[in-house]
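Chemist: Residues per chain, in single letters:
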Amino acid sequence: MRVEQDGSLGWKKFWLWFSIGSNLTMLFMFKYLDFALGDSAMVRWMSDHNATAWIVELGKYTIPAGISFYTFQSISYVVDVYRGQEKAEHNLPKFMLYVSFFPQLVAGPIERFGKLHSQLFSDYMPKWEDVRNGARLLIYGLFLKVAVADNLASVVDAFYSDHTAYTQAEAWLATFYFTFQVYTDFFGYSLLAQGSALLFGIHLMDNFNKPFISKSIPEFWQRWHISLSTWFRDYIFIPVGGNKRGPWVLAMAAMLVFFTSGLWHGANGTMIAFGVAQGFLYLFDRFVFKKLEFVGGHFHDHQGRLPLRRRLWDGFRTVKTGFFFMMTLVWFRSATMDQASEVFGMLWMPGYIGCRLDGLVGIAAPTLAHGLQIPLFLCIFLLLDLWLIKERADVWLGKFPMAIRWAMYVLMAVSIWIWGGAVNHPFVYFQF
Amino acid sequence: MMAWIKDIAPKVLLRLAVGVFVFFVANWWYWSSGLRNKERLKFSPVAGKLDSAFCYGDVVYLGESSNTSFNPWTDTFGYSVSEFLQLYLPQNRVRGVSHDGYHVGLFSQMLGLMPEHWALRAPGFEEFDRGDLDAGGEKTALGSVKYGVSKDNWYKLNDSNSLRKTVVITVNMRSFGPSAMFNGNEASNQQEAIFYSNRMALLNRVFVSLHHYDNRDSREMERAKTQWFRTKDLRLKGGVGNHYFNTHADGNMKPEGEEWYYHNTVKWWLRDLQRQFAPVSGDKDLARVMPMAEAYLKEFAFLLDEENPRVQALDAIVEKCKRGQVNVVFVLLMPNFDHANRLFGKELVDLMNYNMDFLRKRFEGWSKQYNKGEFHVEYVDVQRAYATDHLASYLNGKSNDVGVGTEGNPSFDWAGGQHYTDQWYPTEHVDAHIRQFIAQKTAEKILEIQWRTRIQMGVTKPMPAVVKPTVNNWPNWNIKMPLADTCLATWNGFRGMHLR
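Quick mapping for you: the protein sequence lines, in order, are chains D and C.
Numbering-wise (the working numbering), the first sequence opens with residue 1 and increments by one.
Numbering-wise (the working numbering), the second sequence opens with residue 1001 and increments by one.
Not one of these hints is a red herring.
A few chain D residues that don't get close to chain C, going by computed Cβ distances all over 10 Å: (1) Leu24; (2) Asn91; (3) Phe121; (4) Lys244; (5) Phe324.
Some, not all, of what chain D presents toward chain C, calculated at C-beta under 10 Å: (6) Pro126; (7) Lys127; (8) Trp128; (9) Val131; (10) Arg132; (11) Leu142; (12) Ala147; (13) Asp150; (14) Trp406; (15) Ala413; (16) Ile416; (17) Trp417; (18) Trp419.
When the alpha-carbon atoms are kept at most 25 Å apart in a straight line, the in silico SDA-like pairs for lysine to any residue are as follows: (19) D:Lys399 <-> C:Leu1016; (20) D:Lys127 <-> C:Arg1015; (21) D:Lys127 <-> C:Gly1019; (22) D:Lys399 <-> C:Ala1009; (23) C:Lys1298 <-> C:Ala1187.
Simulated from the structure, these hints should not be mistaken for laboratory data.
Backbone N, C-alpha and C define an ideal beta-carbon position, used for all residues, glycine too.
With the hints as extra help, turn the sequences into a complete structure.
Modeler: Rendered as structure tokens:
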């Protein structure tokens, strides 16, 4: 309110930075303090002095669920008010509802104030279409999480719990599976959030849009975790210069965004490495790979169709983008930098060559039927996501005749009931 | 609003009804295809053993790792407690179901598979209904298993005389503490426990898929444990202090109101220990003992109260057994007091004694309340029984089997640490000598109940020990873990010098 009401620009700025600072301080205290201090002499000193030891304890043990998400949501609100794009909310409970709206509280999507607030306090009553579409999103989201992601997780977890016990082929399998585990896990959660909000007539933004058909890393980030990407675009990338001030500023802004993104994902070296690697790949695609566009030839032939050469080139770019992203996820999944280095070594060094898969598959999926179930669900998802579903799942499902639609519901429900992953794997993004 | 509800409600209800119908059909398929049996075996092998135990057993012994704590390096006789128990109770069919890391909370859930009217049911009946191919069941036309035992066998079993059933529950005081309660394996135990219920088969599987149980992962458990260590007060004060003052006070204790205990919480105790250890951390013997010392604090430094979920589970067990009119015998296991005393002396031993007393009082209450009629609750206090038994042997010069008390004097309050097969971690894993002793005392209690209700056959008084291990099978008293004594001797020096 101060940001909106204070007359002078100086005070407005003060209140803006005060608000951002207090939000980030809370985030820092809970999430990054332990990482920042490490096992320094300061920590030892603090733990020897009872009066201040609680700060260390706070950093170690108590992380409120979803703090990364609602901190960003609060910051976007303050900045939007400062920019005059939104009016300040004078009613505290209403503001708290915006920040803590349950479907997206713990893992997003990070909604903007303007869009969510107007829906929360309108007189709109959910229509039957909302309830129906919400239920469709819920069942599809649950299918992705329970039948696809959790089953993949059993293999990935087995590998990362003791990666040295496995072969090179198994390292590749685990890396490949983790790519789709994290995707289906987070995409599933986003659909569940959208679906449950839709039951109340609230439309949340789409968080994913087929990221694995992207031809470049910049495009990938326009399709992956869209609410976070657009947040970084609007509140960091553009304010620090964006792409209007030449290549050096763009490069710096991009690296800042990806570094911050890595740090946002987690307070440890592996997440920062993940973010920085994404930044380099972004710049590589933007400045280097773009110059190779001529290899793909023309965009249209004389009949207006996409030429074969262009299709092959686009296919290659798509595979390349997915592959690079998959590689960076090794940092994302590894517990430590040492583990990440060893897994990279296993993936690429000739000393690790080995084709056996039975160790990993045997542990994660003790029976053959169970072992086949994992790739089967993954293939079904890839088929749906890459080729069949061209729009959001609820709209796509709605196009089928009732019998086919219900057959799909039953198949999804039975998959969840009977073949859902048995080991508990919390949503990957809950930790953020 | 009403119009809105009228518009939406019928559509929602119709779809819910279809969903429920589909669920029932899927459940039928899940069961009849045999998938249910396979999955039950995969997710909860214990559930199958329980079915069998409830089917064929007169006495069902629910135990944790202490039941089968045979260690080939330190023990010479491999019988479990329940196997010893069978030898002591030849006229009863004893069935033991054990699982590492189990506790009374899970035992309480396991009783969910106790068949209705089991108390006087003929053995085999339940299995006949339930179906188990391994037990000789017959396949139906649909491929599922209908009968668990062949009809002829069941009739034979049915002809045998049936005793009132008894459930034996092992109670491990350590499992009431934070380290056991917030164990990283608890989530998988809880997942197994979903199957300790006779609800719809597919519903069990759905609960597994949706992780509908206490599914906190090891990190969350660690956090909860740390929280406990930081916040739970270890000082015995007020009513608790009075109780203790009256029963155990000696010259070293201070009057009520002052701090009798140096460490308010486990966290401070651990921190103190680490701080004292830091300057002498180069000592190899001490470095070997430190992990064990920390483990003893984490496992035993807590105070029991009525809010403890495991205490509430004890109440639930009695309630369930009372409902089914099934006798219950609690076996209060004996923690390794000897090592706890060597490591931390009175300060830790007092806490352990307080917790043991807390449980004893509870059991004694039930034992008095339910000592008449058809339903009985009894308990075996292994520590007290052992102490009484061996004091006599010691005084007669037949045994030097004692623990170490304060100032190095022999203690008759507990068994010597050499009886424990784990020398480097606090467990209740005892050697064959004490396993046999536990079985003997348990058998005596069961026979006492059966004598009281006059349903036992052919035996009119508690049986004497019938198990006489050959010479080779006697526990080997001389085996001690390498360096155990030298390490502990060094530790004693350290304790005297550095710990307050």
